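A.B. asks: Residues per chain, in single letters:
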Amino acid sequence: MQYVDDPTVLDLDFLWRRIPWVWCIFDENMGAMRPTSQAFHDSENGHPMSVLLAKVMLEKGRGSNDALQGLERFALASLTARSVRDLKQGIARDPLLEEPAHAVVFGEKKKSVSKKMAKLAQWLVPPPLRKS
Amino acid sequence: MTKELPDFENPPVVEVALSVQFDPLIALRTPQIGVLWQQFRDRFPRIEEHPPLDSTIERFGPRSRIEPGVQVRVSPSVPVPRCWFLNESGSELIQIQQDRFVHNWRKVGDSDSYPRYDRHIRPTLLSELEEFTAFVGKENLGEILPNQCEVTYVNRILAGQGWDRHGQLGSVLAPVSGAFSEEFLPEPEEVAVAASFLIPGEVGRPMGRLRFRVDPVYLKADDKPAFHLTLVARGAPLGSGLEGVRGFLDLGREWIVRGFAAITTPTMHKIWGRKS
Amino acid sequence: MTALLPYSGIMAGSITDREVWRVPVASDRLGSEALSEGGRPSQELRITIENESEIPVWLEPTARKLVELLKLESGWDSYSAKPISPHHVEGMFELLCEILEAHTPPPSVVPTTRGGIQVEWHRNGADLEIETLSRYRFQVSFEDRTSREEWEKELSIDDDLRFFRPIIQRIS
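Residue numbers (our numbering), protein chains in the order written: chain A, 41 to 172; chain B, 238 to 513; chain C, 529 to 700.
Just chain A, with the same shape it has in the complex:
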């Protein structure tokens, strides 16, 4: 499927990404927990990386905890659309019946791209702190 970057997703819009706790690591250089680079790859089945559009969520009165509904041991991280586009990725709305805020971040995700996204991501729902 061909995806086209959607300009109606503005640069300052936020993209939410669900992060299972197993993908949360302690970065001693940053002195903080953050997602691993593994959290920012396309799906195993070839589908581009799934995100939630924060604007759509909030318009529908849904917050960060709603983004994790039904999921145990998950955190929620946020990236700006701009930061993702700076890494030569595109953003396309992909609303699903069960999730109208669904979107995809498409583009070649080299290791360097995933690593940068991992360091730029900010916690909305952080994981529990652990240093190992």
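Please keep in mind that the hints were generated in silico from the structure rather than gathered at the bench. This one's a predicted model, so the numbers in the text were calculated from it and none came from an experiment. It is possible that part of the hints are untrue.
Some residues of chain C that are not near chain B, with every Cβ distance over 10 Å (derived) [said to hold, decoys possible]:
#	residue
1	Glu601
2	Glu629
3	Gly653
4	Arg676
5	Trp679
6	Lys681
7	Ser700
Some, not all, of what chain C presents toward chain A, calculated at C-beta under 10 Å [said to hold, decoys possible]:
#	residue
8	Glu596
9	Leu597
10	Thr640
11	Gly643
12	His650
Distance condition first, Cα-Cα at most 30 Å in a straight line; then the derived DSS-like pairs of lysine-lysine [as the list claims (entries may be wrong)]:
#	chain 1	residue 1	chain 2	residue 2
13	A	Lys159	C	Lys681
14	A	Lys95	A	Lys128
15	A	Lys95	A	Lys149
16	C	Lys610	A	Lys150
17	A	Lys156	C	Lys610
18	A	Lys128	C	Lys681
19	C	Lys610	A	Lys128
20	A	Lys151	C	Lys599
21	C	Lys610	B	Lys375
22	C	Lys610	A	Lys149
23	C	Lys681	A	Lys156
24	A	Lys150	C	Lys681
25	A	Lys128	A	Lys151
26	A	Lys150	C	Lys599
27	A	Lys159	C	Lys610
28	A	Lys150	C	Lys593
29	A	Lys149	C	Lys593
30	C	Lys599	A	Lys159
31	C	Lys599	B	Lys375
32	A	Lys150	A	Lys128
33	C	Lys610	A	Lys151
34	C	Lys593	A	Lys151
35	C	Lys599	A	Lys149
36	C	Lys593	A	Lys159
37	A	Lys156	A	Lys128
38	C	Lys593	A	Lys156
39	A	Lys151	C	Lys681
40	A	Lys128	A	Lys159
For every residue, glycine included, the Cβ atom is placed at its ideal position computed from N, Cα and C.
We have chain A already, so just place chains B and C on it with the hints.
C.D. replies: Just chains B and C, lined up with the frame of chain A:
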């Protein structure tokens, strides 16, 4: 095969094995191997189970010579066995486990003669491997990604032709001179030898390794002395897929045949009827 | 040797000069459920240490983490992630035993959606990540903020691994 290799009328070979190791197929468990056997059963009506072989890969460089102090294995509580599919006489068999496919020929009866690599063993292995690959695909068991190939020749060199006692290994093996610096020790009771050689590749990186070892043995039937000379060539496939496997098997076999001729003596070559 | 790993009735006992740790990695589902689609039968993570070898400080924390990760079922990322392949675990340990020193700090260990594992260190101004691609192949990426060195490459266990030495010292 265009290269002319040393050829013998009566080589002392008693077993040949061609082995392909691949990334483990976790979904290939005992029931699936049973289903696979149905495809081979007409040719290989007998089946046996054996413990699986450890995964192995040739390593190069100084640290490859050091045994690891720590080893980690993750195994299922019920391990998947290595299954043997044997022909009626047991002279040929296929060995299958989650990460290995092997074809063996072995001399079972006195009248069995070596069926030749080019004419029989190689094409048989490749055809069986194709069948196995098709089965894996059809049953959705994963993808076969070969990571190592191995060619093994076992020779049984009987006493009474060119030598009589184990201490006379020098009559069989050219690198063993049998010379001592001083006259004190008697003829050795027995001698065992092992050596390895790197199979060179491009850009200074070896393509594999040839190992040989000679062990003194006694035949069960009549207690007569013999030597077992085993040659093993192992390395990564030369490229991807079946083509890469074929490439290394041919290279390994060439090194074994040339190596065999290089380490054995001209006297023994005459006894074995060297043609070239 | 004290029982360091959480397994009741731990020690299998010494076998000549070796000590063996066995740690069951049971599926969280029991009985017939464990064999249904997505469930996995129990596995065993077996660590063998030669008596004369110094036990690396990174060994136990890494093994403990992997025991947890081996329990992950299909779809653990809420999408289509695969369970961790035990062969990737073996391959990673083989590489770590080769390149790490006894006192190298333990890495963070995370699963990949392809059924592999990634170990990573982010300390001393450097970042090192090693991901399993198969039993014997890995992808390595390194970044040093001080020297601005940054690279990534694929390697095989049978490659010359001596280039790791200064990197391991950097993150130690």
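A.B. asks: Is the nearest Cβ of chain B still more than 10 Å from the Cβ of C/Arg676?
C.D. replies: holds, 29 Å
A.B. asks: Going straight from one Cα to the other, do A/Lys95 and A/Lys149 come out at no more than 30 Å?
C.D. replies: This hinted pair holds, its Cα atoms lying about 25 Å apart.
A.B. asks: When you check the alpha-carbon spacing of C/Lys599 and B/Lys375, does it fall within 30 Å?
C.D. replies: Given pair C/Lys599, B/Lys375 holds - Cα atoms ~28 Å apart, limit 30 Å.
A.B. asks: Checking one constraint from the list: CA of A/Lys128 to CA of A/Lys159, max 30 Å. Satisfied?
C.D. replies: Holds, at roughly 16 Å.
A.B. asks: Does the structure keep A/Lys149 and C/Lys593 at a Cα separation of 30 Å or less?
C.D. replies: Holds, because 27 Å separates the two Cα atoms, which is no more than 30 Å.
A.B. asks: Under the criterion that the straight-line Cα-Cα distance not exceed 30 Å, is the pair C/Lys610, A/Lys151 satisfied?
C.D. replies: holds, 20 Å
A.B. asks: Run the distance test for A/Lys150 versus C/Lys599: straight-line Cα separation, threshold 30 Å.
C.D. replies: Within the cut-off at roughly 28 Å; holds.
A.B. asks: Test the statement that C/Ser700 is away from the interface with chain B: the closest C-beta pair must be farther apart than 10 Å.
C.D. replies: Answer for C/Ser700: holds, closest chain B Cβ roughly 18 Å.
A.B. asks: Has the given pair, A/Lys150 with A/Lys128, been kept, meaning a C-alpha gap of at most 30 Å?
C.D. replies: holds, 11 Å
A.B. asks: Checking one constraint from the list: CA of C/Lys610 to CA of A/Lys150, max 30 Å. Satisfied?
C.D. replies: Distance of about 20 Å is within 30 Å: holds.
A.B. asks: Within a Cα-Cα threshold of 30 Å, do A/Lys151 and C/Lys681 meet the stated pairing?
C.D. replies: Roughly 10 Å separates the two Cα atoms, so the pair holds.
A.B. asks: Within 30 Å, alpha carbon to alpha carbon, are A/Lys95 and A/Lys128?
C.D. replies: holds, 22 Å
The structure fails none of the hints (numbered hints given earlier).
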